[in-house]
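Asks: From first to last, the protein sequence lines are chains X and A. Per my numbering, the first sequence runs over residues 4 to 649. Per my numbering, the second sequence runs over residues 134 to 447.
If you're looking for bench data, these hints aren't it; they were derived computationally from the structure. Note that this is a predicted model, so its numbers are computed, not measured. The beta carbon of each residue, even a glycine, is placed where N, CA and C say it ideally should be. Don't take every hint at face value.
Restricting the straight-line Cα-Cα distance to at most 25 Å, the calculated cross-link-like pairs of lysine-lysine (DSS-like) are [as the list claims (entries may be wrong)]:
id	chain 1	residue 1	chain 2	residue 2
1	A	K259	X	K190
2	A	K180	A	K158
3	X	K6	X	K344
4	X	K47	X	K158
5	A	K158	X	K158
6	X	K158	X	K6
Facing chain X, according to a computed beta carbon distance under 8 Å, are these residues of chain A, among others [what the hints assert, rightly or not]:
id	residue
7	P286
8	I295
9	L314
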Amino acid sequence: MRKLLTRLRRSFSARLSLWVVLFAALVFLSALSYSSLAGRRSVKEEAILTATQVLENTSLRLSHILEGVQTSADNLEWLVYRHLDEPELMMDYSRSTVQSNPFLNGCSISFEPDYFKGHHYYSAYSGYVGDVLRTEQEGDDDYQYFYLGWYQLPKLLGQPCWTEPYNDWEQDDTVDRQTQMQVSYCKPLTDAEGTFIGAISLDISLQWLSETLSSVKPYPNAFCMLISRGGSYLVHPDAERLFYSTIFTDGLVTPNPELDGLGRAMQDLSEGYRIVDVHGSRSYVFFMPLKTTGWSLGIVCPVRDIFSGFNRLRQISLLLILLGLLLMFVVCFRVIGHAVKPLSDLAVQAEVIASGHFDTALPESTRPDEIGVLSRSFGHMQDSLVSYMDELTRTTAERAQIEGELKIARNIQMGMVPRTFPPFPDREDIDLYASMTPARDVGGDLYDYFIQGGKLYFCIGDVSGKGIPASLFMAVACNLFRVMGKRELPPVEIAHEINDILSEGNEQLMFVTMFIGAIDLQTGEMDFCNCGHNPPVLLGPDGPRFLDCKPNTSIGIFSGWTFEGEHLSGLPGTPLFLYTDGLNEAENLRQEQFGNDRLLAVLSDPYEGAEATIRRMHAAVSRHVGEAEASDDLTMLCVEIKKKEA
Amino acid sequence: MKRFLTALFAAVTAVLSLSAGAQDKFVLSTQASASAQFAGYYVAQEKGFYQEEGLSVELVHPYVTQAVADVILKDSQQAAILPLSLAMRLVDSGLPLVNILQTSMNSATVIISRWGADPMTLRGAKVATSRAGFGQSARSYAELEHLNYQWIPTASAVDLFISGAVEATLGRSYDEYYRILQTGLVRSETAVYRFENGPYNIQQEGVYVTRSYQQSHPDAVERFARASRAGWEWAAAHPEETLDIVMRYVKLHRIETNRTLQQLMLAEVLRLQMDPDSGQRAFRLRPDMVDKANDLMQGTGLLKRRVTFEELMP
Numbered sequence: 004m005r006k007l008l009t010r011l012r013r014s015f016s017a018r019l020s021l022w023v024v025l026f027a028a029l030v031f032l033s034a035l036s037y038s039s040l041a042g043r044r045s046v047k048e049e050a051i052l053t054a055t056q057v058l059e060n061t062s063l064r065l066s067h068i069l070e071g072v073q074t075s076a077d078n079l080e081w082l083v084y085r086h087l088d089e090p091e092l093m094m095d096y097s098r099s100t101v102q103s104n105p106f107l108n109g110c111s112i113s114f115e116p117d118y119f120k121g122h123h124y125y126s127a128y129s130g131y132v133g134d135v136l137r138t139e140q141e142g143d144d145d146y147q148y149f150y151l152g153w154y155q156l157p158k159l160l161g162q163p164c165w166t167e168p169y170n171d172w173e174q175d176d177t178v179d180r181q182t183q184m185q186v187s188y189c190k191p192l193t194d195a196e197g198t199f200i201g202a203i204s205l206d207i208s209l210q211w212l213s214e215t216l217s218s219v220k221p222y223p224n225a226f227c228m229l230i231s232r233g234g235s236y237l238v239h240p241d242a243e244r245l246f247y248s249t250i251f252t253d254g255l256v257t258p259n260p261e262l263d264g265l266g267r268a269m270q271d272l273s274e275g276y277r278i279v280d281v282h283g284s285r286s287y288v289f290f291m292p293l294k295t296t297g298w299s300l301g302i303v304c305p306v307r308d309i310f311s312g313f314n315r316l317r318q319i320s321l322l323l324i325l326l327g328l329l330l331m332f333v334v335c336f337r338v339i340g341h342a343v344k345p346l347s348d349l350a351v352q353a354e355v356i357a358s359g360h361f362d363t364a365l366p367e368s369t370r371p372d373e374i375g376v377l378s379r380s381f382g383h384m385q386d387s388l389v390s391y392m393d394e395l396t397r398t399t400a401e402r403a404q405i406e407g408e409l410k411i412a413r414n415i416q417m418g419m420v421p422r423t424f425p426p427f428p429d430r431e432d433i434d435l436y437a438s439m440t441p442a443r444d445v446g447g448d449l450y451d452y453f454i455q456g457g458k459l460y461f462c463i464g465d466v467s468g469k470g471i472p473a474s475l476f477m478a479v480a481c482n483l484f485r486v487m488g489k490r491e492l493p494p495v496e497i498a499h500e501i502n503d504i505l506s507e508g509n510e511q512l513m514f515v516t517m518f519i520g521a522i523d524l525q526t527g528e529m530d531f532c533n534c535g536h537n538p539p540v541l542l543g544p545d546g547p548r549f550l551d552c553k554p555n556t557s558i559g560i561f562s563g564w565t566f567e568g569e570h571l572s573g574l575p576g577t578p579l580f581l582y583t584d585g586l587n588e589a590e591n592l593r594q595e596q597f598g599n600d601r602l603l604a605v606l607s608d609p610y611e612g613a614e615a616t617i618r619r620m621h622a623a624v625s626r627h628v629g630e631a632e633a634s635d636d637l638t639m640l641c642v643e644i645k646k647k648e649a
Numbered sequence: 134m135k136r137f138l139t140a141l142f143a144a145v146t147a148v149l150s151l152s153a154g155a156q157d158k159f160v161l162s163t164q165a166s167a168s169a170q171f172a173g174y175y176v177a178q179e180k181g182f183y184q185e186e187g188l189s190v191e192l193v194h195p196y197v198t199q200a201v202a203d204v205i206l207k208d209s210q211q212a213a214i215l216p217l218s219l220a221m222r223l224v225d226s227g228l229p230l231v232n233i234l235q236t237s238m239n240s241a242t243v244i245i246s247r248w249g250a251d252p253m254t255l256r257g258a259k260v261a262t263s264r265a266g267f268g269q270s271a272r273s274y275a276e277l278e279h280l281n282y283q284w285i286p287t288a289s290a291v292d293l294f295i296s297g298a299v300e301a302t303l304g305r306s307y308d309e310y311y312r313i314l315q316t317g318l319v320r321s322e323t324a325v326y327r328f329e330n331g332p333y334n335i336q337q338e339g340v341y342v343t344r345s346y347q348q349s350h351p352d353a354v355e356r357f358a359r360a361s362r363a364g365w366e367w368a369a370a371h372p373e374e375t376l377d378i379v380m381r382y383v384k385l386h387r388i389e390t391n392r393t394l395q396q397l398m399l400a401e402v403l404r405l406q407m408d409p410d411s412g413q414r415a416f417r418l419r420p421d422m423v424d425k426a427n428d429l430m431q432g433t434g435l436l437k438r439r440v441t442f443e444e445l446m447p
């Protein structure tokens, strides 16, 4: 998934195609939803129309059967009344009635106990047992018919009626009980005074009725049901429910208000339809009453059946839309990919150019659109880039040459200061060490020392500015110091001479701070002149301290300036540490200077020689500066004239 | 009525004495068609409780149009399931019967009105009554209350009720009540009068034998009662399996019913077996209920004399 999203993010054509497809999907699905709603409504209306027609046709068919039974009862009643004095004829009448009406399963003509002389029981009955029509007088002590509903109902009601379903079997019957389930149309028989004398009963097999109506199926899983006045299923496809259950039975244990409501509506002989769960299936139930019987006919149509065709069509539509969208994505991807291919080619070529092949030929584009413009613009950019790279190559070469020259200049500059330590291997009384670290290739710091006329001449200086100008100024100052020192001039004179020479024609107003010293190696006395330079540090037995110096100006600024020289005695045994401002003004990344305090702190450590002191100071300042870039040249010089042994 | 009692007397005497010689065969006549009302006996039969007691028991169900007395006339049953009030009337008529197992501890009798009115207000109404013989106390109570019901004896009480041919029907809370309830026609409990909640809550079904049979076969009678009681206790502990057994019996006897009705019937029959005072399944005849039945039926002339509790006990 992550890979797919990454690819989507990277592919413009895929992303654009996806947006197009998503928009199209939104449009298609909206249209499908609307058409689904409208279609569903239409299917529902069609279903109602169809089911209502089927229901009416079935009702007519059923009414025809029931009216046929009622007509048979009327005809039979007429015959019975004409021959009330001939009980044996009742057998023939009951038999012929069953034979003449294909809907009938049985017929009885029954009389009150002792109505006929010598007959306590008299019930002339004809009925089918299997395919055999049997006729008999069936009343006896075991079968006291006058306690049964089909006899008592017309007696008590005084009018014809239909019974609830009942099982008319005798204890010794071996016939399947379902085949014996029946309903009866009953009519009372009365004498001239209106006194009840008996009842005729015509039976319809419910099994036959159920089979007759089982073909009523407007939908594959639809079924017909007939509900009696007492809610019993007179017709139902489920043999377990048929006859033995009512529409309310399930609700006795698990309340089902919808089904109960349907049952009551059918029981109240209402007409219409309801949507209910019938035996676990959501269904439309269309129902109407059967007049004269008190029964209600219903057709149960599962919702999934009614809408199955519609749902299938909707699923196919959805599938087609999905396939269409997929196809659209592929086509969009290809078309957009083809459209932006010059961009891809351009990107590839840009990669090649970026790898250094600046003269790689770009694909020609004659397209007038934005991509064509972009392609041509890229070509112009490539031409400019080639020119730029040529210029860059040339300047880089020049720079390399300059750097080479600077390197030579650095070597020359470094060669101008003595770098051999110990500087005076044959003089054990002199311990001297110095270091110079330019901030750039060449620097403006200087130092020098030599012995001339029994004196150790030394100096340290810092030219204003940096780089080549400063290094040239330093070279001149350095040479002048050596020339003047060789003439054994005292430091203050050296300062005068150098100042006069450097300040003459100094249009750039460059200057150099210098500390110039000359130590008499015999006496240990030191003459010195500080020309605007940082005061050196004396590492005496009481700890380091800055040397008090006259405030002279720097060399090279004012021609003819009078410098004041100074004298210091008692130097032997007291090392002198000289430095440029690249030490105490060295800054770290937080722009904190190394400062005099840290300088003195480092020098407070026990003195272990000139070289060790300078190396320790280097380490300390490096720690302080850290990753910060050196902003100034750093030069240090440490000298000790050792005490002569007594 | 006199004719009925005479016939019933002769029947019970003949049946219970004819069969006195059988040692291991024991025939029990139930009060009505096969149903969960007799679940305990089916269980005892199916689970072999009778066999364990060395008995071969046959359960006989009457046909719907047959009064229980008529059935007893024909076969050779040793025992019959009778309501207490009917048993007392038979004893009063001169047939010494003894109660060997009392299952019901409460009255199941109900009167249900067709159109929603309180049955106790339907003066002069046609009321259907079953041929199963459980309506003795109801008839007495109706007379005591001067309701002047026109009793319609029938084998199709529920059908008469549905069609409106009667305004009410006598029934039992575990049988006709649920059968009527599933017609959807009774929508309010105000249309139902339950004797269990009235002043004459008199226990009903028990198993009776003639005193002579009981005296000649005390061991068989005791074993039968013990196995039957075990059957009922097992049924109470295993209602679903019991229901399976009951459904096999009702199908065998081709009864128009369904599993839901039998489930409700079994639960109600088991509930009525709980003694109202102790809350336990007591299986005993209560002297106070015998007295109450005497008071009710003597007051309305259904009993000519008091039938004592001791007379009914072995």
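Asks: Each hint needs a verdict: does it hold in this structure or not?
Replies: Structure-based check of all given hints:
At most 25 Å may separate the alpha-carbon atoms for a hinted pair to count; A:K259 and X:K190 meet this at roughly 20 Å. A distance of roughly 17 Å separates the Cα atoms of A:K180 and A:K158; the hinted pair therefore holds under the 25 Å criterion. For a cut-off of 25 Å, the pair hint linking X:K6 to X:K344 stands: about 22 Å separates their Cα positions. Proximity of X:K47 to X:K158 is assessed by CA-CA distance (about 47 Å); at most 25 Å being required, the pair is judged violated.
With a C-alpha separation of about 44 Å, the suggested pairing of A:K158 with X:K158 is violated against the 25 Å cut-off. The hinted pair formed by X:K158 and X:K6 fails the criterion: a straight-line CA distance of about 88 Å is larger than 25 Å. Of the supplied interface hints, the one on A:P286 holds, with its beta-carbon coming within about 6 Å of a beta-carbon of chain X, less than 8 Å. Among the interface hints, the one on A:I295 holds; its C-beta lies about 4 Å from the nearest C-beta in chain X, closer than the 8 Å criterion.
Hint status for A:L314 relative to chain X: holds, with the closest Cβ pair at about 6 Å, below 8 Å.
Hint compliance for this structure: hints 4, 5 and 6 are not met, and every other hint is.
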